[in-house]
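Going line by line, the protein sequences match chains V and C.
Yeah, the first sequence ends on 247 if you go by the working numbering, and it's all consecutive.
Yeah, the second sequence ends on 227 if you go by the working numbering, and it's all consecutive.
Some hints here could point you the wrong way.
[What the hints assert, rightly or not] Result set (DSS-like, lysine-lysine): computed pairs, CA atoms no more than 30 Å apart in a straight line:
1) Lys118(V) <-> Lys78(V)
2) Lys78(V) <-> Lys117(C)
3) Lys210(C) <-> Lys163(C)
4) Lys189(C) <-> Lys163(C)
5) Lys117(C) <-> Lys19(V)
6) Lys78(V) <-> Lys119(V)
Note that these hints are calculated values from the structure, not bench results.
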Amino acid sequence: MQAMGRPVLEVRDLHVHYKGHHAVRGVSLTVGDGERLVVMGPSGAGKSTLVKAIPRLVEPTSGTILLEGECVSCADRKTLRRLRARMGYVPQSYSLFPHLRVIDNIVLPLVRVHKLPKKAAVERAMRHLEMLGIGGLASRYPAQLSGGQRQRAALARALALDPAILLLDEPTSALDPESRSSVVDALYRIARSGRSMLIVTHEADFALQVADRLVFMEEGRIVVMAPPGEALRHERVKQFLSSILEN
Amino acid sequence: MYDANTESIVSIVGAYSGLLARGVGMTLVLTLLGFTAGFAIALLLTVTRYMAPRPARILAQAYIDLFRGTPMLVQLLFIFFALPSLGVQLSAFQSAAVALGLNSGAYQAEILRVAIKGLPEEELHVAESLGLTGWQTMRHVVLPQAVRASLPGLTNEAVMLLKDSSLASVIGVMELTRAGEYMVSTSFKALQSLGIVALVYLVLSAIFYKAFRAVERRTAIPGFQNL
Ligand SMILES: Nc1ncnc2c1ncn2[C@@H]1O[C@H](COP(=O)(O)OP(=O)(O)O)[C@@H](O)[C@H]1O
Ligand SMILES: [Mg+2]
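Chain C extracted, bound-state conformation (with noise of 0.2 Å):
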């Protein structure tokens, strides 16, 4: 039975090997694009919080809490579906990097201001003492140490996203996991194809973590106990 099992799904992965490397490749650039514009979006919020005139703050914030207070499906799903009515068209790759990009920033944004906040209050003064501007200190003080100290915050982001990237399958992205029902509807055999499914974001999973450590190690503050 084990055999027979494992001979299946190794003649699986070979008849599906196309669809597969596809599938985990655009699995990848949803993860990787959503993170990237994610991150970019969470320095832009996290600089508006700390710095802006209040309406910006207040914007900023309400972002942040609609895209956290909502299920990311329902945004990728009203980016696809809701959108065009307001005059938008994006293709469903399109939409799935734009949701995943908007959800991952507010998160990201989250995982930097907890981190700000875990600064101590004196360093602040100092660099205030000195003559910085708010905007040099942030650049130079604040954000440098802010992103070290939010790595672990954002390896667990990057890996959720990963994971979420799937749900651009509802909206009929070839990603992984579409790849997977693919085969399923084809082949006949969920067990083994949902199971190299599983397998596959299993790896990816474990590629993010040691990469996000190598940034870790490599960023570290020598000396610098990390509490």
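Extracted from the complex, chain V is given alone in its bound form (with noise of 0.2 Å):
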């Protein structure tokens, strides 16, 4: 699937500094409507930074973001909150609040963000637990939940949230492989579904499979971005996914 239309995620020559560090240097891309986008690269490449920046978690040094053809960028704090909604970020670990139930961690931002009433809200959480297989779950609480579970649910609310497009940092990295398979499942599941998504992950059957385009950044940069095929024809892509098909 290729993208059409207007882009749902366009960045224009983002740079990232934490202090002193240049960690994002000069990134562009786009994100078309259903697309999926899956980031690789090395630890330290700024891979993080970059899905970090683009709903401003972390503060971009320069660059443009635009949402739907709005600019996140240079949005004020009101339209920026707005803004952020609309985009289902999904870090690697600490994704759900620990001091509230599953269900509850979704309908937080249901009833304080979207103005759902509490039990339209409860119901969407519900179905959306429900479809990535952890309705049984809902009033546990995160510590009571495996690794894939709780990413799972972390995935569910941002779905739930119904966002323009998913941030995923590598949401399968700090689980055991039982747990990994279990969200690589839904992974699959939400990809099939049409959703748009900028995803980093080292998942190389998922990337594969699933990327419309594949990004290989080193450094702060893109050096590598293709389609899945073509992208392996990179030297350097294929030496860095046959060192973590080693591991």
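Two chains, two frames, a set of hints: combine them into the complex.
Right, here's the structure in full:
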């Protein structure tokens, strides 16, 4: 599925500095409607920084970010909150609030941000939990779940907000193999539903099967951006993939 | 000798039971008032520190530094003896309650700050990414966790306050320590009188520890290992 019409997300010449360290060095990319972009690259390449800079959880130094044509990078606080609520961000860990039951983790933003009545929010939350096979865990606390169940709950929360795009930062990296496969299954299901995604992952099978385009980052820059088949012809990408497949 | 002491302890308790009861009552009232007011002040300081414009943040920090950096006794004496010359006249009891509350507020704010610092940054990123406002994040994400994590520190603070409430004796509030002094000066039995007072403080501390522990257990997040 290739990008058509107006892109959902557009990033132009993005730079991010941490006190002195130049973590993202001029990244430009677009995610089309329904497109799935998979980002790979060695540790420290700036992948997480890129994902966090898009909803401005980390403030970019310069560059332009547009969500469905609306300027994220120049949005005031109120607009920014509205735009953030249109992006489903899921980090590698600490994705759920530990003091809230799974269901309340999802209901909180639905009620507080999307202003849904409590009852409708609970129904919507349950629907998404069930869709990812964890409806039975709604009244548990995050610490009472396995890592995989927790990440699926976080994905359910992101989806319940019906975002224009999912921003996933290595959602499986902190998990044991069994948990991983349950989350990867969920990711396949989400991908099939046609949701636009920008996902950092080293799940090679998933990336090769699902990605419309593969982005390879190194030292804060995109060095390869192409459909997976084509990306695989690059020596650096091949080398990287074989190194992660060894582990 | 031991028996004679025990006997005189019993007789002193009997003779001064009314005074002791009043003293304990006043000590508890001062401590609980101070702690509760302090908690409210600490919440206010915390919200100010994290969310208010810069001048207000600086003021909040100055408040905390002032009350943590000067002796509580000086604060108490200042409120009781110096404020009247600025037109604020408080009774001895009011002065003590205000001093304890203001002082404890600063310490409790510090306890909350450390707890908030312990929250993983990712969690705050998630809250922001969901579109929650700063206030909503404070109210629904940060404070519920920070207050829980603060409970051990707040327990210590409550016991410190219990003991610090004895400073109120200096300005003539008839709390437990002042009651002890009175017993000494009228019975001439310092050993027994002050022994009783110390023992009562010890029992009250133990009750505080137990009560806070119960709160901790009741509010614990199921399955959550708080390190
Ligand atoms: N909060 C931070 N403060 C300072 N440097 C950071 C911070 N987060 C990440 N970095 C640095 O920025 C670079 C990119 O990090 P990151 O985006 O996490 O890379 P990746 O996700 O690709 O592993 C790394 O060199 C990392 O050390
Ligand atoms: Mg990363």
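Comparing the hints with the structure gives:
At roughly 23 Å between alpha-carbon atoms, lysine 118(V) and lysine 78(V) fall within 30 Å of each other, so this suggested pair holds. Restraint check for lysine 78(V) and lysine 117(C): satisfied, since their Cα atoms lie roughly 26 Å apart, inside the 30 Å limit. A C-alpha spacing of about 17 Å is found between lysine 210(C) and lysine 163(C), which places the hinted pair at or below 30 Å, so the restraint holds. Only pairs whose Cα atoms come within 30 Å are accepted, and lysine 189(C) paired with lysine 163(C) is accepted, the gap being roughly 22 Å.
As the CA atoms of lysine 117(C) and lysine 19(V) are separated by approximately 20 Å, the hinted pair is consistent with the 30 Å bound. Between lysine 78(V) and lysine 119(V) the CA atoms are separated by roughly 26 Å; this keeps the pair inside 30 Å, and the hint holds.
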